[in-house]
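Once you've looked at the hints, dock chains B and C against the given chain A.
Keeping their order, the protein sequence lines are chains A, B and C. Each residue of the first sequence is one higher than the one before, starting from 1 at the first, in the working numbering. Each residue of the second sequence is one higher than the one before, starting from 1001 at the first, in the working numbering. Each residue of the third sequence is one higher than the one before, starting from 2001 at the first, in the working numbering.
It is worth saying that the hints were derived from the structure and are not from the lab. Note that CB positions come from ideal geometry on N, CA and C, so glycine has one too. Check before you lean on any hint, since a few could be wrong.
Derived list of chain A stretches under chain B, where covered just means 3 residues or more per stretch with a C-beta under 8 Å from a C-beta of chain B [what the hints assert, rightly or not]:
{"#": "1", "stretch": "12-24"}
{"#": "2", "stretch": "127-139"}
{"#": "3", "stretch": "202-210"}
{"#": "4", "stretch": "325-331"}
Every beta carbon over 12 Å from chain C, so not counted as near; a handful from chain B, in silico [to be verified]:
{"#": "5", "residue": "Leu1016"}
{"#": "6", "residue": "Arg1018"}
{"#": "7", "residue": "Phe1048"}
{"#": "8", "residue": "Gly1055"}
{"#": "9", "residue": "Val1102"}
{"#": "10", "residue": "Arg1139"}
{"#": "11", "residue": "Tyr1189"}
{"#": "12", "residue": "Ile1200"}
{"#": "13", "residue": "Gly1203"}
{"#": "14", "residue": "Ala1211"}
{"#": "15", "residue": "Val1255"}
{"#": "16", "residue": "Ala1265"}
Short, incomplete list of chain B residues facing chain A, as computed with Cβ under 8 Å [said to hold, decoys possible]:
{"#": "17", "residue": "Ile1007"}
{"#": "18", "residue": "Thr1010"}
{"#": "19", "residue": "Val1017"}
{"#": "20", "residue": "Gly1098"}
{"#": "21", "residue": "Val1104"}
{"#": "22", "residue": "Leu1107"}
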Amino acid sequence: MHNSGPSSVAAPVIEVAGLAKEYRVYDKPEGLWASVRGLLHRTSRVVEALRGVNLTVGRGEFVALLGPNGAGKTTFLKLLSGIITPSRGTARVLGHVPWERADDFRRRFALVMGQRNQLWWDLPAAESFRLHKEIYRLDAARFERTRDELVDLLGVKKLVLQPVRELSLGERMKLELVAALLHEPEVLFLDEPTIGLDVVAQHTIHEFLRHVQAERRTTVILTTHYMKDVAALCERVVVITHGDIVHDGPLAEIVDRFTTHKIVTLDLDDPSATARIERCGFPCEVRGPRVVLRIDRQRIADVLPEILRSDGVRDVSVEDVPLEEIVAELFRSGAPERRAVVETAR
Amino acid sequence: MGRYLAIFLTFARACLVRDMTFRANFILESVTSLGWMSMNLAFYMLVFQFTPEIGKGTGWTREPFFAFVATGLIINSIVQAFFMPSAEELTEMVRTGGLDAVLVQPLDAQFLLSMHRVDYSSLANGAVGVGLLAWALARMGHAPPPVAWLLYPLLLLCGVAILYALVIVLAAATIHMGRNQSLYDFWFYMTNFSRYPAEIYAGPWGGPIRALFTFVLPILLVVNVPARVIARPLAGGAWWPVAGVVAAALAALVVSRVVFQRSLAKYRSASS
Amino acid sequence: MSGRLDGGGPLASMRAWWTMLAICLEERLVYRGDFALGTLMRFLPMVTQVFLWTAVFAATSRRDVAGYSRNDIVAYYLLAMLTRAFSSMPGLSTGIARSIRDGSVKKYLVQPVDYVSFLLAARIAHKLVYYAVAILPFGGVFIACRGFFPPPPDATTMSIFVLSLVLSFLLGFFMEATLGMIGFWVLEVSSLVFAYMLVQYLLSGHMFPIDMLAGIPTGLPGTSLADVVRWLPFEYTAYFPAAVWLGKIRGPDLVRALAIEAAWVVVMAIACRVAWKRGTRRYAAFGG
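For reference, chain A alone in the conformation it holds in the complex (with noise of 0.2 Å):
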């Protein structure tokens, strides 16, 4: 399950074995007297977030995290920032272990949160980098020169001193990258950055991830629920459901094993000729003067000229099955069973 990129010839910046994480939900009855309620006697159960994962990573890989909400992407992600304790297994990143969180690791690393801001929201982002170099105890010329290259890589040398509150999504996402690239990380953790964002802010940001990532070699793990990026970015997809990894490898190879379909579309004279097309026996959809059929890999070579042939037929496309389609198809046939629950009360 847990075959190494392509590019982990040295040393693996990232190992981890059978890590696990379990964690215990306490049951919130609805009301006022819930809370209080809660003090000496509530129910809870115990959800395995996650339930031995293997992953070994090399230095320089871009990786992405795929998986439906809730399936242990931001808990792994946590475990290996070591922001929380594991239950069982061992991980390593960059050679320490993360949640004995010594400084020097610390130091080294960056986890980037779509969804939370860590600038202050108040105060324009260049206070937030001063604080920044401050923390990460960066020597003042590397600093200047680091930020000042960042900010001229996304284009917001003007927004680094407005008021981040009165920054749009786009550029406040923008922004928290410049600060978590700040100390140069040699691991970077991004959950989720682009989430929210219009598709020239996603564009902005996978170039500049492109190329930050090209030039220094970071090791990137990246989460997320849009194909845009797994597509711009990884070369490698790692596919976790319901707290197990299903899937490790190229992306070529996920679009190989599970793409047994191409798709046709085909825009049509004349109405009449549906019916003709309908007969070929192909799972097909009619949209108006437009047909699109599935159309198994393997046969479309011989099945393409014979359609081309009938009457009526204007225009041809072929294209593989949406990228989203086939995860999702994953994330379907990687649940075998519900997580355990255990009913417990304390």
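Positioned in the frame of chain A, the structure of chains B and C alone reads:
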């Protein structure tokens, strides 16, 4: 150490910039705390309409008593300005994930979590406290000896340390209780006992209260010892409270450190 | 949970039912315990006040301060606290101001309900729930402190006490509601609320009996601060009912004070109505 000072100054500077951006709010908050304080002073003045002294033979006549009140104002305003706002924000940080962002930084989490905000408006009370202290000492007719002037700032710091430890323990409790509505309430009810000279806790009920808040939860020492040193020079052989308050401050800091680290460890193992 | 009990037959399900009932009862009790603890904590500031006055009595060897013996002072603080449980309206004015600011007050302009009556009804319900639970800690403290009280007053005084409590509830309600409705004209009422609370803190009598202000001159000949405060609404939300119970106000003074309290209730009720009428008219005209 130098780095922590630099970081603290960065925080202090940022908060000052913010306060100056929302000046009207800042002024309103200063006026609020000054208002409450003057109401309390008015009450004490009323009390002295009926008596020359608080407690028989205790020496807490009007001027020493106001020196006591001033000492309390100074200590409380320091705690309110530098530690309370961060502690009050902690539960919110747990809820929004801000705590996670703190834990990945190469810095002591307790330092960051207890000092990242400064509320300058609370210092207004402290300024009035200094003025009140000067007034009271000038009217007392006998200047405190030099040793009192030396000890006073140290004892103020010890008082601040004890209250800081209490804030930290309360904040740690809210990390896993998940609510902090009660933090301020609890703070208020506890420190309430430190507002008056310890001598008033006398008699069959007062004795145990005085012992409890001196030896178990040493909040009675916070204001009493420094106020005593500056306003009512210690008689010979009465030095043990000074040593006691230093020891209590150190012990309180250690205990609060242990409690806070434990609740962070619990947070790390109990959340996902 | 049901999965584990399936095989046990009727006996097991009986046991499960019994356990659930026990848990429910236990939970109620736990809730009460915690609430009671919170209410008991509210008596703590009073404890220090009592020690302070005890020290004052010790220093002066007086028998009384402004007509209050030390026991009277303890009883006074307890009764003033009881009155505050009726007259204080936590969150009322800020709640009204907030609903004006964020526009949620609109729904009362549309719906066929009278906002003021609605608020009053809600507040009465709120208070009743509070008393149902707070009666335990209050009762406990009063019984424990019964030695401080003078013999209970006669039936007439007692009924005037109850009447003054009810009026203090209404007075507190209409004052705070009116304060909140100033939000129609002023966007941020928090500074007003603050000023109100400051005055209330000092002049309502929950820090000290208002009789203690009798010796403070006001500059007007023959008029003490207590004489002025008597004509203001504040002392009727804490001091007055306590003083009635302790027999500090009697005869014509009592009748006059009760009349002043009733008059303030009427005045504030009218002010509240007028503020609502004018405020909503203004709101409709200028939009929210």
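Report the numbers of all earlier hints that the structure fails to satisfy, in ascending order.
-> 3, 4, 7, 8, 11, 12, 13
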